[in-house]
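K.L.:
Sequence:
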Amino acid sequence: MIKPALPKGTRDFAPDAVRKRQYLFQTIRTCFELFGFEPIETPAMENLSTLLGKYGEEGDKLIFRILNNGNILPLAQQAKDNRELANLLCEKALRYDLTIPFARYVVMNQHQVVFPFRRYQIQPVWRADRPQKGRYREFFQCDADIVGSHSLLNEVELIRLYQLVFSRLSLRVSIRINHRKFLQALAECCGNPSWMPVITTALDKLDKTSMQQVEAELQEKGLPEHALHLIREYMDLSTQPADNRLQSVLELLKHHPAAAEAVKDVSFVIEQLKNTPSAWASVDVDFTLARGLDYYTGLILEVKSLEAEMGSLGGGGRYDNLTGLFGLPGVPGVGISFGVERIYDVMESLQRFPASTGMATQVLWLRMDDALLTQVLQYAMELRQEGIATEVYPDAVKMDKQLKYADKKGIPLVLMLGSREYARQMVAMKDLRSGVQTEVPLDRLKETIQLQLAVR
RNA sequence: GUGAUUGUAGCUCAGCUGGUUAGAGCGCCAGAUUGUGGCUCUGGAGGCCGAGGGUUCGAAUCCCUUCAAUCACCCCA
0 MIKPALPKGT RDFAPDAVRK RQYLFQTIRT CFELFGFEPI ETPAMENLST LLGKYGEEGD
60 KLIFRILNNG NILPLAQQAK DNRELANLLC EKALRYDLTI PFARYVVMNQ HQVVFPFRRY
120 QIQPVWRADR PQKGRYREFF QCDADIVGSH SLLNEVELIR LYQLVFSRLS LRVSIRINHR
180 KFLQALAECC GNPSWMPVIT TALDKLDKTS MQQVEAELQE KGLPEHALHL IREYMDLSTQ
240 PADNRLQSVL ELLKHHPAAA EAVKDVSFVI EQLKNTPSAW ASVDVDFTLA RGLDYYTGLI
300 LEVKSLEAEM GSLGGGGRYD NLTGLFGLPG VPGVGISFGV ERIYDVMESL QRFPASTGMA
360 TQVLWLRMDD ALLTQVLQYA MELRQEGIAT EVYPDAVKMD KQLKYADKKG IPLVLMLGSR
420 EYARQMVAMK DLRSGVQTEV PLDRLKETIQ LQLAVR
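Under numbering that gives the first Met the number 0, the first residue of the first sequence is numbered 0, with each subsequent residue one higher.
Hints were generated in silico from the structure; no laboratory data involved.
Check each hint, because a few of them may be wrong.
[Unchecked claim] Calculated cross-link-like contacts (lysine-lysine; reagent style DSS-like; alpha-carbon spacing at most 30 Å):
no., residue 1, residue 2
1, K408, K397
2, K60, K132
3, K19, K7
[Stated by the list, open to error] Computed spacing ranges between beta-carbons, pair by pair:
no., residue 1, residue 2, range
4, E381, K207, 56 to 62 Å
5, D283, H110, 38 to 44 Å
6, R10, T200, 25 to 31 Å
7, A127, I71, 18 to 24 Å
Computed from a prediction, not measured in an experiment: that's the story for all the values here.
In this text, a Cβ means the ideal position worked out from N, Cα and C, and glycines have one as well.
Model the full structure from these sequences, guided by the hints.
P.N.:
Structure follows, in structure tokens:
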């Protein structure tokens, strides 16, 4: 016998969980559609070469590879080391995110797609990460991107999309925004543009650790004192009143052209958003927001829950040249992603899911008199035609057991058609929520049920 | 890849410095109730104490190894 188990970091979903997840997906999907995004889907697997080198060195290690079928032994013997072996034996891999497959899609379909292309995609991705809280090896991403447009209106709209979704989910979040060009300017003012990755990853840890630790890390990486001093002042900016922040950052970065551009972009976005403030999702400029992914070049953003301790619930940003990797330069884009698994976990812990997240069985016919089975099945079918979710209990067991079944499944109405009722052309209807039982004429069944179901 | 913690019934957990036959609550099954759920009462089933080895007269308990889960770091949604 094999002990049943799941691969690390994967999960089964019970009916109740699936309903809640579908509610989440549906809410997000509806909002995507409301903003005019169009759905696409891409395969679970991509050619390994499509994915390799797109997520940094760490990312490559976290890609799930698919072993080639067939006779692999001769090939395997040619390999000189593990790395070469893995690349020889695996031509395909599971997708790591939705953005790179989307970039491939755009390049392959460049003559069909209409630019600016607004697409959304809701599919699972896989990462060979070590699982922990809010982190799984198989999880869904919900991405919305607009490619083929430089306009900052896209950024504004995507933030409003975030605001719409989180208000519909009744989750209070903060959307932090920043601009990659501030970080670029900061690195250059520190004396070396190549320090930018070091500085950004260090700054990214600020909300987890202290300013001192960030400085220690940077010192360790060999940044000189004057650079550390500048970075310290830069970090202090985010504690200042929101109104003067943009002016202050510009002065601190000595009116560096990149910083000036960033100020222009950010103030445009902020200005536009002022007209439609959201009670659920505030927007704040945070100069220390970094975001790991290398391909971002403009405005970047990240969503955090204000109510639960959890990693980011989503993020995104502008990238100038994503499709360039696949031979189509000059297609800029901006996109956001919803971390539904984490949103689910937060909603669950805050009990923010609506009481009913989908259609469960509304009516159960008990199995009573076998002489009436044919009629019962017919009546059940008629109720379904009326849109009433209906079950017939299949086994001839005690009523006690059948009622307990209805109770456990949360079925509100139970119908009983025995010979006693049928003789008078009636059916016994019991509302399990109230415990009240009534008799209903068979020819008025549908209307009565609909009325009864409307009662809360 | 690094580190920490935890593995006992379907679930949540007790089980003292090693000492008879390993317990509780919830859940499950049956009955009280052969045409009526929830509440109550009565009874019952269910355990290689994660796995392997060691110490000991004796191990759920101590030691080693291993596996798994969880959490943190790295990185990320």
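K.L.:
Determine for every hint whether it applies to the structure shown.
P.N.:
Here's how the hints hold up against the structure:
A distance of roughly 17 Å separates the Cα atoms of K408 and K397; the hinted pair therefore holds under the 30 Å criterion. With a C-alpha separation of about 21 Å, the suggested pairing of K60 with K132 holds against the 30 Å cut-off. At most 30 Å may separate the alpha-carbon atoms for a hinted pair to count; K19 and K7 meet this at roughly 23 Å. Our hint of 56 to 62 Å for E381 and K207 holds, since their Cβ atoms are close to 60 Å apart.
The hinted window of 38 to 44 Å between D283 and H110 holds, with their beta carbons roughly 41 Å apart. Between R10 and T200 the C-beta distance comes to about 30 Å, which sits within the given range of 25 to 31 Å. One distance hint, 18 to 24 Å for the beta-carbon pair A127 and I71, holds here, with the actual separation near 20 Å.
The structure agrees with every numbered hint stated previously.
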